[in-house]
Amino acid sequence: MTEVNDRPATTAKAGLEFAGHELSRASLDSCVKCTICETQCPVSAVTPLFTGPKFIGPQAERFRNGESVDHSLDYCSSCGTCTLVCPQGVQVAELNSQARAVMKADHMPIRDRLVSQTTLMGKLMTPVAPLARWALGNKPIRTLMEAAVKVHRDAPMPPAQSQTFQSWFASRPRPATVPTRGTLVFFHGCAGGYFEVETSKKTVEVLEHLGYEVLVPRQGCCGLAQQSNGLFDEATASVLKLCDDLRSSGKDLTIISSSGSCTGMLKHEAHEIMGVSDDRLADVGTRIRDTMEFLLDLHDAGELPTDFAPMPMTVPYHAPCQLKSQGIGKPALEVLRLIPELTVVDSEKVCCGIAGTYGLKKEKYEIAQAVGRPLFEMVKATNPDLALCDTETCRWQIEQSSGVKTVHPIWMIHAAYGLG
Amino acid sequence: MRKLAVDVVVIGGGSTGAGVVRDVAMRGYSTVLVERADLGQGTTGRFHGLLHSGGRYVVSDPLSATECAQENAILSRIQAGAIETTGGYFVCCPGDDPAFADKFLAGAAATGVPAREVSVGEALRNEPRLNPGITRAIEVQDGTVDGWQLVWGAANSARHYGAEILTYHAVTKIDTADGAVTAVHCTDLKRGEDVVIETGFVLNCGGPWAGQIAAMAGAHPVDVVPGRGIMIAMNHRLVNRVVNRCIYPADGDILVPVHTVSIIGTTDVKVDDPDHLAIEPDEVQQMLDAGEVLIPGFRNSRALHAWAGARPLIKDNRVAAADTRHMSRGMAVIDHTERDGLDGMLTIGGGKLTTYRLMAEHIVDAMCDKLGEKRACRTAEEDMPPSGAGKNYVVTHRLEEREHDRFTEQIICECELMSRKMLTDALAAQPNGSFDDLRRQLRLGMGPCQGGFCSMRATGIALETGHIDIERATALLRLFLKNRWLGLWPILYGDQVRQTALDNWIFAGTLDVEHLPPPDPSVRPEPEIEKKTPVAAVMEAGVRS
Chain A
1 MTEVNDRPAT TAKAGLEFAG HELSRASLDS CVKCTICETQ CPVSAVTPLF
51 TGPKFIGPQA ERFRNGESVD HSLDYCSSCG TCTLVCPQGV QVAELNSQAR
101 AVMKADHMPI RDRLVSQTTL MGKLMTPVAP LARWALGNKP IRTLMEAAVK
151 VHRDAPMPPA QSQTFQSWFA SRPRPATVPT RGTLVFFHGC AGGYFEVETS
201 KKTVEVLEHL GYEVLVPRQG CCGLAQQSNG LFDEATASVL KLCDDLRSSG
251 KDLTIISSSG SCTGMLKHEA HEIMGVSDDR LADVGTRIRD TMEFLLDLHD
301 AGELPTDFAP MPMTVPYHAP CQLKSQGIGK PALEVLRLIP ELTVVDSEKV
351 CCGIAGTYGL KKEKYEIAQA VGRPLFEMVK ATNPDLALCD TETCRWQIEQ
401 SSGVKTVHPI WMIHAAYGLG
Chain B
1 MRKLAVDVVV IGGGSTGAGV VRDVAMRGYS TVLVERADLG QGTTGRFHGL
51 LHSGGRYVVS DPLSATECAQ ENAILSRIQA GAIETTGGYF VCCPGDDPAF
101 ADKFLAGAAA TGVPAREVSV GEALRNEPRL NPGITRAIEV QDGTVDGWQL
151 VWGAANSARH YGAEILTYHA VTKIDTADGA VTAVHCTDLK RGEDVVIETG
201 FVLNCGGPWA GQIAAMAGAH PVDVVPGRGI MIAMNHRLVN RVVNRCIYPA
251 DGDILVPVHT VSIIGTTDVK VDDPDHLAIE PDEVQQMLDA GEVLIPGFRN
301 SRALHAWAGA RPLIKDNRVA AADTRHMSRG MAVIDHTERD GLDGMLTIGG
351 GKLTTYRLMA EHIVDAMCDK LGEKRACRTA EEDMPPSGAG KNYVVTHRLE
401 EREHDRFTEQ IICECELMSR KMLTDALAAQ PNGSFDDLRR QLRLGMGPCQ
451 GGFCSMRATG IALETGHIDI ERATALLRLF LKNRWLGLWP ILYGDQVRQT
501 ALDNWIFAGT LDVEHLPPPD PSVRPEPEIE KKTPVAAVME AGVRS
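First to last, the protein sequences are chains A and B.
Going by my numbering, the first sequence opens with residue 1, and the numbers climb by one from there.
Going by my numbering, the second sequence opens with residue 1, and the numbers climb by one from there.
Because the hints were derived from the structure by calculation, they are not lab data.
Only a predicted model underlies this, so the values are computations on that prediction, with no experimental measurement involved.
From the three backbone atoms N, C-alpha and C, an ideal C-beta is built for every residue, glycine too.
Certain hints may be false.
A few chain A residues facing chain B, derived, Cβ under 7 Å [claimed, not checked]:
id, residue
1, 29
2, 32
3, 51
4, 65
5, 67
6, 70
7, 168
8, 172
9, 176
10, 178
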């Protein structure tokens, strides 16, 4: 069908009208029923509650006409594995996300609105970080929270920090070295701004060590959590606002991010799931690079210094679904293998289960745990003290469920360059 | 030999025959319907699924327009389960004369066809894939109808009133004595048994085959001119309303959303033999071009299946002016008494599926007149099972049903969401049925995989549940695949090629269907109207060699 949707989906109505009408709907024509997506779906492998990606995607879509009758599709975690493995190019996960948005449009749970407020959570928790950390680790409080908003008592929560990344960036001493390689824009995302501050700091320090000037414009949320909860209206507004924010630093600059899932939102999800067709998004989406993808590009061009200190250890690495969906392979694995004496073991597991906010939800917590269990076991068996993963919520899930500290791969690069 | 005796024999199990046998039975006559194949296997099963609002005829044929509008309202009520009240648009496409829309609106007002002009913006909002260059849009009450459910609904209603429905009974001879019909001879094709039905009246509802039937009674030739039309089903609903071009009726000017597919149609080419309908490549291209006018990008969508149907057009110069009493421009009742000196037989031709109930009313009224009896028609007042609740069909129905039974039911046909229970129930109801008989009731194999995955499952279940033996399993599976292939070959391009290649690997490679032991000679394939294409003939030759 039509390749370009020139109708900007800037409202929920437009977003929902898009759902089921354009690119993804057309892609169902490519399904040959081979069932490969069903064999790889991490959710249908562990629960009969979910009818599977082929069923709710290319099959059920032919029976949809505005009215939502198949509520079980909400058990899809939107991990995107189905789209990734489909050899025919069917946008299975996108179809499912759109159908869910239509289904939830008139009865969005308050909980789903709350858990998509990622920036708000950061803003509220940072000033009271010790209290927030205590409260979110307190059983009676979490039990109350579970009853009140149906967020499971054992689900991982974002770790509150006392200082935001932006505050650190503005107040730190300026780097002593003079940039020799040009300028980059850093997109930290909500988690990287408020919770995974250390990852953001280390990314900037590595980029500066390599000789780049790093600009960090004021920036909002990409809207991914809203999108995955079916709030297309809010998500569309968020992502376009973010594009404006990132473009304010200058045209043609490469944008770097250590938030793998937010990068995916900008690269393809906002367009393919919500039908946002806007020049600003197209511009940002083609300029943004995942941090490890960028480092691998440098290495491939012979421009990455490999004077890494040896790190004699073995660590498990898990490639998140939303990184794999970007079609960039597993760049972290290749870059980390440049560090002498470091053995990185690919988890080769499909999914950790969390899928953004899916695994937080009371009714889906057990499913998410079952999805991630083989990964948690692998991580514990490989190294009980340290694991690597590119995206925030996946790290929180792995750490909470395996008890193994889990960090972004940039931490290893940072350490191997002797940066602290 | 089996012997029966009834007041009235209805010949032909399409929509007309089914409507007629219901009407006859409801008026209190004992009656039998005989059909050489399955119900709705001829013209009724080979149309595009449109329940006319009457809009199509407001300019060209005002009487038909009014009849369609009235019958549309009646059928949507009494056969709700077979009909989806989608609504429809007549749109002026780029290059079409926008002034035709004025004629259309005037015609609609004059014929009582509900119609309302809407803004182009509203039409495009409701049907986003429509050609954005349309200049005018008129909303009408077009609907879509499942022809097989319509026919089976009427047949089951007739049974309720005591009628007997004999499918796979081919009429071989019609006896006459002293200028009147006395009996109809048939062969029961499933059992190989002769059946003789003594009767005083035959209602010939053979559609394009009506001439052949009339000839069996020694009537003068009835000049049937079958008009061939081809249709193509696209993989999903590109529109959710019927979309018509707002022009004088022409080829390829309607796109109809029926069940999960949308159907573009149709052509009109005179043919000699309704049993041999080709699907010509240039007509396929003509339909795809026509679709492109309504929906830009139509050609990039996936085509699933093509088929051809024959319109039952009757041209009869022998019809006297007096006979037109029961005729409208769209339908004709031929009285063989005046024409041929033969009492006890009426032939009906023309008409359209939307007016099938009215056609039945006309011919049964004519029969009552000839018999000198007054028995009122009640078919418009009474709901037909199983749609008693009056709830119209909607496309989400099966998805909703599978949502409810998803923990207990296997899905056998994934494309059309047919459960195992639906299949086993249908097998129990039609134990001698072919898989095409089941397909017409269940939509087995009618989705994108065209039987690639469901046909071997259905075969396995039929065997496992004891409905068929291994010989019959082989024969039925092969027949089903062959019939699917006939409709696939003419549209093999784009996405459907990949599916067909995969299906072929499964059946020719993994299952090696072509080299299964030959079926027992006693297992005869059911008569299936052939849709011969030159290439299909070559393929069959290849299979034989």
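Comparing the hints with the structure gives:
1. Given hint, residue 29 of chain A at the interface with chain B, holds; its Cβ is 4 Å from that chain's nearest Cβ, closer than 7 Å.
2. Because the closest C-beta pair between residue 32 of chain A and chain B is about 5 Å apart, less than 7 Å, the hint holds.
3. Because the smallest distance between the Cβ of residue 51 of chain A and any Cβ of chain B comes to about 6 Å, under 7 Å, the interface hint for this residue holds.
4. The interface hint given for residue 65 of chain A holds, since its Cβ lies 5 Å from the closest Cβ of chain B, which is under the 7 Å cut-off.
5. Proximity of residue 67 of chain A to chain B holds as hinted, the smallest CB-CB distance being about 5 Å (cut-off 7 Å).
6. Of the supplied interface hints, the one on residue 70 of chain A holds, with its beta-carbon coming within about 5 Å of a beta-carbon of chain B, less than 7 Å.
7. The restraint placing residue 168 of chain A at the interface with chain B is violated, with a minimum CB-CB distance near 47 Å, outside the 7 Å limit.
8. A distance limit of 7 Å between C-beta atoms decides the matter here; for residue 172 of chain A the minimum to chain B is near 51 Å, and the interface restraint is violated.
9. Interface restraint check for residue 176 of chain A: the shortest CB-CB distance to chain B comes to about 57 Å, outside 7 Å, so the restraint is violated.
10. Evaluation of the residue 178 of chain A hint against chain B yields a violated restraint, the C-beta minimum of about 54 Å exceeding 7 Å.
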